[in-house]
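From first to last, the protein sequence lines stand for chains A and B.
Everything in the first sequence is counted per our numbering, starting at 73 for the first residue and increasing by one.
Everything in the second sequence is counted per our numbering, starting at 26 for the first residue and increasing by one.
Errors might be hidden in some of the hints.
As the list claims (entries may be wrong) - Listed next, the in silico PhoX-like pairs over lysine-lysine satisfying Cα-Cα at most 20 Å (straight line):
{"no.": "1", "chain 1": "B", "residue 1": "LYS426", "chain 2": "A", "residue 2": "LYS219"}
{"no.": "2", "chain 1": "A", "residue 1": "LYS264", "chain 2": "A", "residue 2": "LYS219"}
{"no.": "3", "chain 1": "B", "residue 1": "LYS426", "chain 2": "B", "residue 2": "LYS407"}
{"no.": "4", "chain 1": "A", "residue 1": "LYS121", "chain 2": "B", "residue 2": "LYS549"}
{"no.": "5", "chain 1": "B", "residue 1": "LYS239", "chain 2": "B", "residue 2": "LYS426"}
{"no.": "6", "chain 1": "A", "residue 1": "LYS121", "chain 2": "B", "residue 2": "LYS552"}
{"no.": "7", "chain 1": "B", "residue 1": "LYS552", "chain 2": "B", "residue 2": "LYS594"}
{"no.": "8", "chain 1": "A", "residue 1": "LYS90", "chain 2": "A", "residue 2": "LYS78"}
{"no.": "9", "chain 1": "A", "residue 1": "LYS83", "chain 2": "B", "residue 2": "LYS239"}
{"no.": "10", "chain 1": "B", "residue 1": "LYS676", "chain 2": "B", "residue 2": "LYS28"}
{"no.": "11", "chain 1": "B", "residue 1": "LYS32", "chain 2": "B", "residue 2": "LYS44"}
{"no.": "12", "chain 1": "B", "residue 1": "LYS336", "chain 2": "B", "residue 2": "LYS382"}
{"no.": "13", "chain 1": "B", "residue 1": "LYS544", "chain 2": "A", "residue 2": "LYS121"}
{"no.": "14", "chain 1": "A", "residue 1": "LYS90", "chain 2": "A", "residue 2": "LYS121"}
{"no.": "15", "chain 1": "B", "residue 1": "LYS533", "chain 2": "B", "residue 2": "LYS278"}
What the hints assert, rightly or not - Quick look at which bits of chain A chain B covers, simulated, 3 or more residues with Cβ under 8 Å:
{"no.": "16", "stretch": "129-140"}
{"no.": "17", "stretch": "164-176"}
{"no.": "18", "stretch": "184-193"}
{"no.": "19", "stretch": "208-215"}
Stated by the list, open to error - Among the chain B residues that face chain A by a calculated CB cut under 10 Å, a handful are:
{"no.": "20", "residue": "MET81"}
{"no.": "21", "residue": "SER84"}
{"no.": "22", "residue": "GLY189"}
Hints are computed from structural coordinates only; laboratory data are not their basis.
Note that CB positions come from ideal geometry on N, CA and C, so glycine has one too.
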Amino acid sequence: MNLTLKVWRQKNTNDKGKFETYKAENISPDMSFLEMFDVVNERLIVEGKEPIAFDHDCREGICGSCSMYINGRPHGPNNGVTTCQLHMRSFKDGDIIVVEPWRSAAFPVIKDLAVDRSSFDRIQAAGGFVSVNTGNAQDANNLPIPKNDADESFAAAACIGCGACVAACKNSSAMLFVGAKVTQFALLPQGKPEATQRVLAMVNQMDAEGFGSCTNTGACSAECPKEISLSVIARMNREYLSAQLFAE
Amino acid sequence: MSKLDSKIPEGPIDQKWTKYKSTIPLVNPANKRHLEVIVVGSGLAGSSAAATLAEMGYSVKVFCFQDSARRAHSIAAQGGINAAKNYQNDGDSVYRLFYDTIKGGDYRAREGNVHRLAEVSGSIIDQCVAQGVPFAREYGGLLSNRSFGGTQVQRTFYAAGQTGQQLLLGAYSGLNRQIGLGNVKMYARHEMLDIVNIDGKCRGIIARDLVTGKLERHFGHAVLLCTGGYGNVFYLSTNAMGSNVTAAWKAHKRGAMFANPCYTQIHPTCIPVSGDHQSKLTLMSESLRNDGRIWVPKKKEDVEAIRAGKKKGSDIPEEDRDYYLERRYPAFGNLVPRDVASRASKERCDAGYGVNKTGEAVYLDFASNMKYKYGKQVATLKGIANPTEAQLTEFGKEVVKEKYGNLFDMYKQITGEDPYEIPMMIYPAVHYTMGGLWVDYNLMTNIEGLYALGEANFSDHGANRLGASALMQGLADGYFVIPYTIGAYLSKEIGTKAIPTDKEEFAKTEQEVQDRINKFFAIKGTKSVDYFHKRLGKIMWEKCGMARNKEGLEWAIAEIQKIREEFWKDVRVPGEANEFNPELEKANRVADFIELGELMCKDALNRNESCGGHFREEFQTEEGEAMRDDENYKYVAAWEMKEVGNWELHKEDLIYENIKIAQRSYK
Ligand SMILES: Cc1cc2nc3c(=O)[nH]c(=O)nc-3n(C[C@H](O)[C@H](O)[C@H](O)COP(=O)(O)OP(=O)(O)OC[C@H]3O[C@@H](n4cnc5c(N)ncnc54)[C@H](O)[C@@H]3O)c2cc1C
Ligand code: SF4
Ligand code: FES
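Chain B on its own, in the form it takes in the complex (with noise of 0.2 Å):
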């Protein structure tokens, strides 16, 4: 048999997670209490599934890599997070989550885990509500919404552009009551950096302790990964400096296998690369395509006098400009999916349309919004009747002002540029990553006992996500499924005492994180640890980025390989072991990206089709659309570590019984 078993219940699809709940075995209070879970990452997977495990009784430790749980990067999101709630009485519904989700995803993610996903969307709401999570909302003194891309419905709740700020704020509140009760003890500032099997079961994690530098040996029956993404292999990204792949990709060295590593999602609107200086890119929330339009000049002329700084975007007349979007996809317009738009910039800058000095830019451009949408409106409801061109623009901003006041702010900040006076330039970067440890319906990876949960698994988005699903997926994850599923495991260790750390088991593991921490210092070469980093993200970026080609990925492992290896001779890491030591985990946290940014090649060069965020050039209609190959293709693929460098593919077919799948189409 495969090695992988999905454990989709069985049963019509609106039933299986109701049914299967409630045969899942319970686990009673006094047990709970000597039932010992480990939780990695304390972002809204983490903190939601630390907090309600702790509630339920269980004893709980989290760790996170940042001074307070607080900071994880879930608090960077912007732009909101979905629920099929339907107040806004369009026609939403939890099918149509589902079905957006799964033909957003392009019919590569489970019909069972989205469903799911989608039937507990609205207890998220609910829940976040009663901690006092101040969401947007009407004059009435109800919930706002707005729309997100790949939906034509109005499901996104919000915080104007701070919404993963006051739902990781949320979630870490109900993390600290624990912590305040005594069933959540902490770890902050502590980077996990191995996992420790016994038996074939995972049975805890090595530590360090980021101030003294210091190895430590935590037991659990069972040990969770909530510990986000890896887009920080491109080295630029929307991600936070921290960010990385360690944790998971320890587990993959311990047999966990790693799924779908090439889907990474390119975010169309993110502010464009200035300088060789740039150490992190930063996104413009998908929300501001409910009211930004994306435009580039039709005449090649126009392009030049405005690299050349003598023209303006607003100069150039209304029949001038081109809104490619709105032209190729009538249907959903600015608010098509990021992979699609993201494909769309690409295409027109390649084509010579791009507005910046680098060539490689577009506009998003609120003026026709602010002023005749707005404007109108306020005018209106002020009873002016014929309103001044100024007063229209006054009107209007105060409106954009209050939606996305911190975005405007923030895009000034970077650029220098007043957003509300001329059009807002932007560019595709690296966002979010779809791939991640492979999970059956419980969240458990391959390793028993070992769970992944948030952006660290591979489950829900298929190959691209949908916006405002991330933190809808990472609160279900942790308040909804987890708290259920794993109780499946957990019932039958009732009987298994905590194991003494001085076992060999944890003693050998904790030796091997030793012997690579002496190995880092040994070393003594003459580069830093950035500068492998940026040379691994610019080959990611252009041969495993937007579009991939045969050849460049075969080009790229090569020359991946040659970094590794450059890498381990020539890399400096001052400073000691025992002590403070940031370059020391930036180098923990490379050495890993190098072999991963490898394994995502491999994946993209596998996959011979175009799917979501995986785009090979080799593989598309004539109209430039991605062209799946869902007879061979229609799989996840898992791969398994036989040693660095060196993978083998297990697949698990993907079975559509309630979705037809077709070509998606946003015309």
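Chain A on its own, in the form it takes in the complex (with noise of 0.2 Å):
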């Protein structure tokens, strides 16, 4: 199939950015979206021209490096997947495709698709994490944890740091975000002793990034290749207020 592409070009975080047009031919429905990208870039290279920067690795699902905001939607027109799970045959012929980054003053863009999400590393550093240093750790079967809980907890850990909840939000929040890895711990006895800190810590640096307020339009979620759910954000909510009641 043949398909024109309106693709953010921007050489650096400075530059201004504007939209490039170009055409992606002889296109195989079994391409993934970036193997489609692959084929624009070496088109471009042979013709000495640059090829269109973008982020990816894994190619399957799971690294979160891909992000794509593909015709008005993070990760394009499915449900539950990712840019690279993105497949052609999601397309028809003579598409147009609009391919813009992540827009969101905390992930500025560093150069056309790929853009800076070190500020969600840094929400993790301020206390994502259960403080236990490696070594003596009790036996693992000395903790029982009932399957719910643990499969709950999973289902929140599930989430792959991509950010797409951030661009599919107007006000730029990263509640699903950091809500998911509050209650992957809070469902565990393991993350308890330190909930309090936890929450806070993480809720300050999220809004010290830039990040919007929440409210409640429930985009991030819709928009999640991991489907995670909203009620990690009711979750986080929870634990925030009786975190603030503790600390007062």
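Bring the two chains, given one by one in their own frames, into a single complex with the hints.
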């Protein structure tokens, strides 16, 4: 199939950036969206032009690197998948596809479609852990955990840190991402002792990074490739409120 | 004396580590703060090592090329991690894990290292649970296990099909805690492009800031390479796009020996190649072989009907199916080790029984276990005495979904087919590299102060790695081995002050890196980096892949030399050095892959035997099994580079005192 791409090109963080139009020709429906980009880039290189920069690594939906805003939706038209898992069979011959980077003040563009998400790492460093040093942990089975709690914790821990939730939100809120981490630990006995400090530290860091506030529109969860549930935000709010009470 | 001293401690195998550990000199806390350790790589090996060393008080810097430490390739591991916990009471023990690993590696790994790995395996699980890693659990709240290939016990711990992700996020959380405390400085989007040796010791690295393109010099009293495997030399593999050999290769070019480069793991269950556009291959976890049965049709006419789209796998009656693994290896059945399973698939496909258009696919079928194993179990639990077929399918589906849901979804995403309804199609693909930098028992390379951990070293898996053992090894190296063994070196370094990076050796190495980058841009050729990478990959796959022979390898070596020459004349690297430039990154990596490819073929040519993942067609039994030559090849082949294209072989003899070596049998 043949497609027209309108792609955001921006040389670096300070450049203003603009859309450029490219033809993607002879695209097989079995290709992934990123493989279609490979074809376009290969041609640009041979023609002596600059290929389009984008982040990617695993190409199987788990590393959270890929991050394209496709036709107005983070990771494109399908639910529950990342950009790298999107296949061209989801498009029609002749389609015009608009591709932009994540847009958020907390995710400055590095080049073209690649953005800086280090703010996510700083939020994790503020409190996304259990303070346990290596060595001397007790036997793993000394701490039975009800299967439902373990499963629910796992569901929250499935977040890949891609940032689609932020890109989807009109306020650029990172509540789904932060809520997922808080929820993973809140459901486990290992996470309990530090629950108060954790939620306060992570939320403070989130605010400091310039993410917006949550107005409960739910776009984040709807666009999340791992389908992280909105309930993690509710849980984080509860944890935060009780932590504030504690703190005072 | 040989240049290779493995430094395996004396004494009985089960006491070597404990005794040795307690004799390693300690470094007092005040001195630790002045000792700087560079960790390149933030996968399981790198993150666990960095977090632990920082907890102990060392000053640590961590580098990774992704935009976050959490995105290291370990994140993609699916199936699980082994540990000799014997929670299932099925007779597992440290000795059994040790034995299975040595046998699985076709008697080409070191006893001392492997026993240590088995000894610390249990602590890994304890540590991960303490960090809040949400492993799968049973209804009683205890940890759940499953089986992987090459074993007859259930010792694999898992978190659905996302075990690597959960383990890495655990290690990453430990790393983050140390970053927050100021004990680790993190350099994401940085690529190490060389090591700096001063007076025979490794004292730092040259790294490129991938956003600004600037070259940086970093000093360390010790440098740990935790940079993963080099499967991408084949272009198509299950590795992430960025996985590469550059860090290890640069160390190799500066004197570190590269061991057993030809030992490559071809994983039996991957989604088959669908076309030329393909950029990578996707693994379907080995855990699927717990419940999936592998088969091809017995009759050629069925094969043809399937290829023509006239029949589906599910149309073939039971008696016309050839469950060839169950037929050839009744004791282990579908759970034979990977090398054995892959070769068996190739044998059937080469004989003309492949079930897709390209003839390179076999079935992995869940229908019978879904219905009759799980469906029945659930029906019984629900108290339904005579369940209908539809009920059985429905109940079974639920169980299969819980166990493998994300893998089934992934398969459907890629192929457009629903594996709950029709059997999966799979074919072997490059997955893991057992070879890597040569290290001694301390995980130190032959360059003092330079270490290699995780997939980047060669030490524990011999000629074939068992499933779920890479995660175990990465975390063993990082959490439980290096924190002790590094003391043997650093305790002697407490008097060494940080070396200023304006010293001549730093400047000279940086200049060499800069020269190479300039050279890329100066070529202004006509072909993209991928063009060369694909050509290299095809040669490697065809001549140095699942089956190898003398003639093919000799041809490949000549051909790869030609590619190298052409690459340096005709590659085109667009853009500039001082900017974010993914094509430049690729060019750097592919240039190294080309040199490595040649060495892999030379190593494969040198090894006139078949063992594990290295199958030389000239050396097989009548039944087509690998035929080792213990008399002549029971050694680690460690290669020293003299110049590009010219290596000297050093041999480290392997000594088996605790395991009787035998022909591997899974029948
Ligand atoms: C799809 C898949 C599934 C797997 N499933 C399993 C499984 O179920 N069980 C199992 O035991 N094993 C599994 N494996 C194998 C296992 O995942 C890997 O062997 C293991 O994770 C490697 O970990 P590592 O820490 O050594 O390296 P990696 O996780 O590969 O990390 C390498 C790190 O080095 C960095 N790096 C590399 N080069 C440079 C450089 N030049 N400069 C700076 N940084 C650099 C990278 O940024 C990265 O942080 C699987 C592998 C694949 C491909
Ligand atoms: S919550 Fe979902 S969308 Fe947000 S970072 Fe995590 S996986 Fe991505
Ligand atoms: S490239 Fe890893 S999630 Fe898309």
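Tested hints:
{"no.": "1", "hint": "LYS426/B to LYS219/A", "verdict": "16 Å, holds"}
{"no.": "2", "hint": "LYS264/A to LYS219/A", "verdict": "17 Å, holds"}
{"no.": "3", "hint": "LYS426/B to LYS407/B", "verdict": "18 Å, holds"}
{"no.": "4", "hint": "LYS121/A to LYS549/B", "verdict": "12 Å, holds"}
{"no.": "5", "hint": "LYS239/B to LYS426/B", "verdict": "48 Å, violated"}
{"no.": "6", "hint": "LYS121/A to LYS552/B", "verdict": "13 Å, holds"}
{"no.": "7", "hint": "LYS552/B to LYS594/B", "verdict": "10 Å, holds"}
{"no.": "8", "hint": "LYS90/A to LYS78/A", "verdict": "10 Å, holds"}
{"no.": "9", "hint": "LYS83/A to LYS239/B", "verdict": "16 Å, holds"}
{"no.": "10", "hint": "LYS676/B to LYS28/B", "verdict": "9 Å, holds"}
{"no.": "11", "hint": "LYS32/B to LYS44/B", "verdict": "14 Å, holds"}
{"no.": "12", "hint": "LYS336/B to LYS382/B", "verdict": "13 Å, holds"}
{"no.": "13", "hint": "LYS544/B to LYS121/A", "verdict": "19 Å, holds"}
{"no.": "14", "hint": "LYS90/A to LYS121/A", "verdict": "16 Å, holds"}
{"no.": "15", "hint": "LYS533/B to LYS278/B", "verdict": "15 Å, holds"}
{"no.": "16", "hint": "129-140", "verdict": "holds (count 9)"}
{"no.": "17", "hint": "164-176", "verdict": "violated (count 0)"}
{"no.": "18", "hint": "184-193", "verdict": "holds (count 6)"}
{"no.": "19", "hint": "208-215", "verdict": "holds (count 6)"}
{"no.": "20", "hint": "MET81", "verdict": "9 Å, holds"}
{"no.": "21", "hint": "SER84", "verdict": "17 Å, violated"}
{"no.": "22", "hint": "GLY189", "verdict": "8 Å, holds"}
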